[in-house]
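Q: Build the full structure now, drawing on both the sequences and the hints.
If you read the sequence shown in the numbering used here, its first letter stands for residue 16, the second for the next number, and so on.
Since the hints were made in silico from the structure, they are not lab data.
Any given hint could be a false lead.
To be verified - Using 25 Å as the maximum straight-line C-alpha spacing, the simulated DSS-like pairs for lysine-lysine come out as follows: (1) 37 to 71; (2) 86 to 37; (3) 76 to 123; (4) 76 to 86.
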Amino acid sequence: MHLCMCLNPVCLCTEAMRRALKELDLNIVEMSDENATLDGGDVLFTGREFFVGLSKRTNQKGAEILADVFKDYAVSTVPVTDGLHLKSFCSMGGPGLIVIGTSEPAQKALKVSVTIGSCKTGLCSEDRVLTFLCSIL
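A: Structural data, given as structure tokens:
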């Protein structure tokens, strides 16, 4: 079963996205709680689990809805104190490998992912370089 999450209709392309997903015959799950927020840049899927960054754009309620939708996967939250998103300083570098920057927020995320995650971690000295490289992988 394929799932796609459409957030509250705050994005201009919500209706167009909904039509496109229906044409692809995908299940659409909508967040109906107006207090829940979940930004794609704060969601890292490893293939085995989800890490959700709690940031200015994603809150605990949004993480809980994601966990409820994807019950077969562990969902763990990571505080994002600085930076825009969780994936501003970490990303998947390949199967089973999370690449994490060396900034202070990145290192806090590293501690969480090592404690609860099933992936290996690798360090990248520049968070910005990491974000760019992982976006083209």
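Q: Any hints this thing doesn't respect? Which numbers, in order?
A: As far as the earlier hints go, only 1 is violated by this structure.
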